[in-house]
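One-letter residues, chain by chain:
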Amino acid sequence: MLHDTPNITHVEFISLLVAGLCFELAFAFQVAELRRSAQAAHGAAATGFSGVSTVWVMGGAALSAVILIWRGWRFGLWSLPLSDYFDACLLLAILLTGLWLWFRWTRQLKTLAIFLLPMTGLLILVGGILGVAGYRNFNTANPWIALHIGSILIGTVCFAAGCVSGLGYLLADRQLRSKKENWPLPSLARLEAFNRHAILLGFPLLTIAAITGIFEALKYPQSMGPDWYWSPKVILTVVAWAVYAPLLHVKLTPSFRGARAAWLSILGFALLLAVYALAGFG
Amino acid sequence: MKSSPVLRMVGVNHRTAPLLVRENLAFSEQDCAAALVRIAELYPQSEAAILSTCNRVELYVAAGPHGPTLEEMTAFLAEFQEMAAADLRAHTYQHEDRAMVEHLFQVASSLDSMVLGETQILAQVKQAYVRAAERKTVGTCFHALFQRALAAAKDVHDRTELSTGRTSLATLAVALVQRVFDQLGDKTVLVIGAGKISRLVLRQLGALHPRKILLANRNPQRALDMCGAAVMECVDLAHLEQLLVEADVVLTGTGATEAVISVDMVRKLLKARQYRPMFMVDLAVPRDVEAGVGSLTNIYLYNIDDLEKLADENRRRRGDQIAASLEVIQEHAEEFLHWFSARNTGPLVKELYANCHRISNAELAGLLAAHPEFTPEQRQALAKTLHRVVGKILHQPVSFLTSKAPSHEQAHLAAAMETLFGLGGKTDGGRAEASAAGEKMDPSPPAKPDAASSS
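Residue numbers (the working numbering), protein chains in the order written: chain E, 1 to 282; chain G, 1001 to 1455.
Hints listed in this document are in silico derivations from the structure and should not be mistaken for laboratory results. Warning: the hint list may mix true and false statements.
[As the list claims (entries may be wrong)] Only pairs whose alpha carbons sit at most 25 Å apart, straight line, appear in this in silico DMTMM-like list of lysine to aspartate or glutamate: (1) E/K180 - G/E1331; (2) G/K1271 - G/D1182; (3) G/K1212 - G/D1186; (4) G/K1136 - G/D1097; (5) E/K110 - G/D1182; (6) G/K1268 - G/D1236; (7) E/K180 - G/E1290; (8) G/K1196 - G/E1290; (9) E/K179 - G/E1313; (10) E/K180 - G/E1308; (11) E/K180 - G/E1313; (12) E/K110 - G/E1161; (13) E/K179 - G/D1320; (14) G/K1154 - G/D1320; (15) E/K179 - G/D1306; (16) E/K180 - G/D1236; (17) G/K1271 - G/E1161; (18) G/K1136 - G/E1096.
Model the full structure from these sequences, guided by the hints.
Structure (structure tokens):
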């Protein structure tokens, strides 16, 4: 039996589950589409599932937007539809939908879009759990916090793109080594270049988020406690930052390219997700 | 039916005839033109086209009155190419009517080709059609037939996966290179040895405009002669390690009995290469590159067996598409045969309807003359009723006739109809009388033989 909490009403929660279901259905249809196109070399075949998955993704994103706007109205935060982790997850899901659409419309990277859907579905789920767990106002009226959260959100989209291209790279590498033509994927060179560009964009944003976070922790020591620098959230953020750093300097660290870079971009994104989970539940 | 052509073909292909026979029978461009002219002289009321490729020679004819029989077509081919008819007959296949249509559609769709799914045959069929059209040896029937064959072939390629997946080793190798590198504009290709397949691959890679092509061979001048302009720079094989540092794509095809590139050699070079990806294609037997090289970081190695396996897999996938392709062909064949049937039987059906309506109109005229008291509405209703009766009586026989594909059976049915209903000038007695009476009558609603024939 669902009960309304100060943070989330059961209507919002059910809507959230429906949005998550939309993304999962889109994922199922896209897998079916990929299986069909994989029968032909390099994705020549067109299937009717393509349009269906787009409809479900757009449906999920539209529902997420409606929930976000509704909550903005309910909390009187029209200036920025962002009050806590629940809203942040919803906004991130919408941003990832934008990234998904971009992948779909980019012929060479089309196949990669599939990796974003389970990621978006997971975000929706985490958002729902965090929403039920409690309400924590971000206080976005503070420009430092607004900058902190904004850079985290946009940086996360960049790192998600890096993670997706990393997954694509590993899959393409595996296909080449197994000497089979299964999934139609972009070339390794394109995937590697895309991965590097995504991290090149995300890394400064992560750095800004870390600096503004440290600034806030120093300014308001009560928010994270006196030993904030030993908190798992901070340690994992530093580790993630250190993971991404060598990927920016291929000339200096040539061994961090190819499959290694792909693994690191996946690891970095996983660490960031862990940071968000710790921040939300902490 | 006296003017309906019979569709016939005679031919040989790679399955029925050895290379020697195909070579002797092959028609050059000039031969085709001369042969078509000769057929037009011999059989002026027939349509003809000749399809001659390295794997097949086929003569297609829409035989009109006094058109060639299958035997005469075989004899014509043999005589034209100065072969013994008996020798040729042992290797030919022949098709008529529906079988001929289906065969042509299958040929155009490459279902009958040596390499299933190849698209060159489509252009060759088109060329055969255009050539015949230029010599004016095709008419309404062959225009429709060949255009439908080309449409069927395109439909097969669009709706099935018959032509997907590469089957030649050279194109496969180039496609694999493109799975590693998007474009080769800033890449260096190193070719070691200059075998036949290497040259084919190199020719295709050259079309992608790599930054540099290096050719390493024990005899550089010979290699240069063999590969010609495609090679930009000949280098000494003694500096192999240095070349491997520079190369992004390596093609090897030497006749060496031992591996030219070892795992240790490449491992040692990884750092110097800054771990850049390298794609290696080993086309030599025995192998030039040790198998372990393919396991090194960012190094991808394919040998001739790997390429063969991929080609086989693609061939198998294409084979799985045969049933789907035949379904598409069947749809097109049915549509063409329906048109052809209606075209053949149309005049007969039209005449049949016209005769019956004339008779009914004559009878109606007599009845109305005997009953002047009938109102105009009653006269109109009687005329419409009679018209419907004629339509309903003729519907069954006409539908049965037009539903048949062009065949001997249809010809027999049509002949029987001509005799039974006195069509095609078989009898004039009753028709003249009916015609005379009909002319006096108000014109009845026009018969729709075309509509009936297509129902």
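Okay, the hints, checked on the actual structure:
A threshold of 25 Å between alpha carbons decides the hint, and for E/K180 with G/E1331 the separation of about 35 Å lies outside it, so the pair is violated. A threshold of 25 Å between alpha carbons decides the hint, and for G/K1271 with G/D1182 the separation of about 23 Å falls inside it, so the pair holds. Taking the CA atoms of G/K1212 and G/D1186, the gap is about 8 Å. The hint holds against a cut of 25 Å. A C-alpha spacing of about 22 Å is found between G/K1136 and G/D1097, which places the hinted pair at or below 25 Å, so the restraint holds.
Of the pairs offered as hints, the one joining E/K110 and G/D1182 holds, with about 15 Å between alpha carbons and a cut-off of 25 Å not exceeded. For the hint pairing G/K1268 with G/D1236, the CA-to-CA distance comes to about 20 Å; that is within 25 Å, so the pair holds. Under the criterion of a C-alpha separation no larger than 25 Å, the hint pairing E/K180 with G/E1290 is consistent with the structure, at around 20 Å. The hinted pair formed by G/K1196 and G/E1290 meets the criterion: a straight-line CA distance of about 21 Å does not exceed 25 Å.
Restraint check for E/K179 and G/E1313: satisfied, since their Cα atoms lie roughly 11 Å apart, inside the 25 Å limit. For the proposed pair E/K180 and G/E1308, the alpha carbon gap of about 12 Å is at most 25 Å, so the pair holds. Our distance criterion of 25 Å between C-alpha atoms is met by E/K180 and G/E1313, whose separation comes to about 9 Å. A C-alpha spacing of about 20 Å is found between E/K110 and G/E1161, which places the hinted pair at or below 25 Å, so the restraint holds.
Between E/K179 and G/D1320 the alpha-carbon distance is near 21 Å, which keeps this suggested pair within the 25 Å criterion. With a C-alpha separation of about 18 Å, the suggested pair G/K1154 and G/D1320 falls inside the 25 Å cut-off, and the hint holds. This hinted pair checks out: E/K179 and G/D1306 have alpha carbons roughly 7 Å apart, not beyond 25 Å. At roughly 35 Å between alpha-carbon atoms, E/K180 and G/D1236 are farther apart than 25 Å, so this suggested pair is violated.
The straight-line distance between the Cα atoms of G/K1271 and G/E1161 is roughly 43 Å, outside the 25 Å bound, and the hint therefore fails. At most 25 Å may separate the alpha-carbon atoms for a hinted pair to count; G/K1136 and G/E1096 meet this at roughly 22 Å.
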